[in-house]
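*Asks:* As they're listed, the protein sequences go chains A and B. Quick note, the first sequence lines up with residues -10 to 474 if you use the working numbering. Quick note, the second sequence lines up with residues -10 to 474 if you use the working numbering.
These are calculated hints, taken from the structure and not from any lab test. A hint or two may mislead.
25 Å max Cα-Cα, derived BS3-like pairs, lysine-lysine [to be verified]:
no. : chain 1 : residue 1 : chain 2 : residue 2
1   : B       : K126      : A       : K126
2   : B       : K428      : A       : K126
3   : B       : K409      : B       : K428
4   : B       : K126      : A       : K352
Number of protein chains: 2
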Amino acid sequence: MDNAEGLEGETMWGIHLDRQSELPLRRQIYQALGDQMISGKLKGGELLPSTRELSKGLNVSRSTVSDAYEMLIAEGFIISSQGAPTRITEGLCVEKMTDPAYLAASHIERVFSSDFRTGLPDLRQFPRFLWQQLITKASEEMTPEHYGYTGAQGIPELRKEIALWLYRSRGLSVDAGDIFITQGATHALHLIAELICGARQEILMEDPCHTGMLRTFLNKGVSVVPIPADEHGIQTEWLKDKKGSAIYVTPSHQFPLGAILPASRRAALIRFAHDNEAYIIEDDYDSEFRYCGEPIAPLYSMDSHRVIYVGTFSKSVYPALRIGYVILPGQLQERWLHLRTYTDVQSPIAEQMALMMFLRTRKLDRHIKRMRRLYGERRGILLKALTETYEGEWHAFGDEAGLHLAVEFPEFHFDDAFRKSGQEKGINLTPVEYHCIEKGRHQSKLLLGYGHLEPEEIRNGIALLCSHIKEYFGSEITMAKEELE
Amino acid sequence: MDNAEGLEGETMWGIHLDRQSELPLRRQIYQALGDQMISGKLKGGELLPSTRELSKGLNVSRSTVSDAYEMLIAEGFIISSQGAPTRITEGLCVEKMTDPAYLAASHIERVFSSDFRTGLPDLRQFPRFLWQQLITKASEEMTPEHYGYTGAQGIPELRKEIALWLYRSRGLSVDAGDIFITQGATHALHLIAELICGARQEILMEDPCHTGMLRTFLNKGVSVVPIPADEHGIQTEWLKDKKGSAIYVTPSHQFPLGAILPASRRAALIRFAHDNEAYIIEDDYDSEFRYCGEPIAPLYSMDSHRVIYVGTFSKSVYPALRIGYVILPGQLQERWLHLRTYTDVQSPIAEQMALMMFLRTRKLDRHIKRMRRLYGERRGILLKALTETYEGEWHAFGDEAGLHLAVEFPEFHFDDAFRKSGQEKGINLTPVEYHCIEKGRHQSKLLLGYGHLEPEEIRNGIALLCSHIKEYFGSEITMAKEELE
């Protein structure tokens, strides 16, 4: 009987209470009534039942109902003046629209049996246990101040360690005060674009260049002027009578062709920057991984006034770390801090502290040394596999560095159709054309990322690739023949 | 003798070796020679000494010199063809400019004896030890995949926990697929501005509003139209015949005046958004901290199609966490992912994992509950101190919520001169005018942030403030008198 009354009562005034729900009963009442006022089921001016009435009807305590009423009063859904009954406010009705949640299918990652994607370090090799200890130690060293706003430039302890590391690994002497922490290289370029190229301004970019970096600039509404790059890097002779507020280059290891920019072209770049009061954006994206000899000295060391140096730890530590840095000329620093403050305020603290310790304990140096050897071996295995498996003509491009190899197959043209057909067979690779602003100059080249692949994966991948090339172009040729007949 | 020769030899060819340096000798040689070529001390075409000669002269091993030469060759500083002597490349000379590093003084934080700044939680109360354990546990749970690119939307585990938390704390039911992790609220607004208002477009903002949020929009080149807010929040009657792609509001707790937006004005906002196909940007910046009753239901619950909800954990967890989120209408989601990918790729992983556990273990709920009580007490202490200490007329503004109080002193006008004079006395406070787009409507109001202050700090601060007001305006009055005489 009690129960029956309870159940019946529970749907009084369109309120159905769910006593299993995590949501407090007072909130359920508040929402049920509020929703009906917005949907128009309950009209402005209507009277609500007294708290006693409703609590009895809903079989809940009276205070539960008064709590609900107080929230409705606080938000102006209902009015209740001394003694007078509770009344619904006018003008609440809104026809509610709802929209089914969806997630773009294009963002669901595909898995490939042979994934030659570029720019992915081997995360299985990352010293995770050591990193856990550093993260823990870092969080132990954090003072209450570290949890507050620690500044748009990044914590000084980390900037100091980066400066020391740049000196011992690249011989680059830079003041920690000129280093500005970012959320990685892309974030750095996003801010640099805001900093030095207002909309409708021009930026020069070496071509081919990383398509992600290109989009970062295009999204900012700047117009991009491509400057061709050959097997030695950007062709500075094309800079003649060009204008622009900045020029984007990867001089230590041209992406994607892998050249080390010769000193004479470096000098030409610097002279161009001076004559045009332009900035050089030097993206040093993976110069740690050079397999013969030492990392290349950055352009920045030739001119700290005109060069903006961009570095990242996404490849040397791990991508989800989201820490990179820029070295900025003094005249840009104050504006940078303003922009960063009103863009995303600052970088989070835990990773900054952990990375600082990774550097301070020289564990990063050791990790890079180890990975350099490993990546070097894998590059060798890739080249060996190609030599042994592929019959036709091919040759590799660029310096012995990085996580990917650019290979030319002079007989063929690789387009997006080829890429897709490969993906259907489970081979993921990138034609150089994909990274070209002006298409048509690098059609015979492919990019093969090997850094994240085990020797077996590399060998199988190359076997798969070779048979695919044969099949794909073989069928094309026969098709062409048939058409002629 | 040996030594003497060594010392003398060490400055051969303008190379001075420092054997104490961390920098390898080969790199010192490489740099010393490279620098002289760039500076023009060594001219193009000149011959370099043989490796044997130089190694003998510098008193180092021959392989050290060959290593240095190899680097110079790799970078194109010098040319050495079979047998022929090593020659310096042409066209390397660049007059080098250097620029003294500087750090803008404006970014050095001042310390105040009474710091009433707004929006700072009490970091001394943050459960740091617990957080350390969570960070450790989180890093233990991380798989190699977590170290890679984990997606521009934020990890699903975290988004699921946020959805559950929004439901149990606000009664807001939202699909985890509609939640997008950001680097805090400022970052969210930065991206929203890119997303929905192209340059030369208009955005409506309630006035007063947080000056930081205003600058974030202005930096994106959109023009801002202020809509006045009164003690109940944004005055929707001013929206008549206004246009705009979006309208920015803080309906749960208007910043800085503290109003809860009445339901009828909420309904008017929604209708405006429908009629003008505009978006409502709902900034729910500190709705957790309501001292009487429950958090207010967000506008988003009235219309998930036109409202973009912005939330942050900077105040409920800690500012240096840099994690916030937006709830996006479906039609904006794909474009958002594109923008985020080419802005800063994604949020770092460690904090996402730790926050996910902070939510999963309900420790955040407990922390918020505790802080809500604490902040409520401090608000009481602040009001009591004002009542007891200040003789003149004053009254407090807004709902009992948040980390700061808006107080009106009808007798006075507070301007930047008053603010500065206070800072010289060690009192840091903010006139509401500071956050006004259209000046002159809130001159008699001050903002007093109390969340981060101990009871004693609050009492002393109020004592200091009252005597300062008296002195400041007292002297003003006498000066005025003197001028009249």
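*Asks:* Which numbered hints does this structure break?
*Replies:* Hint check: 2 fails alone, others pass.
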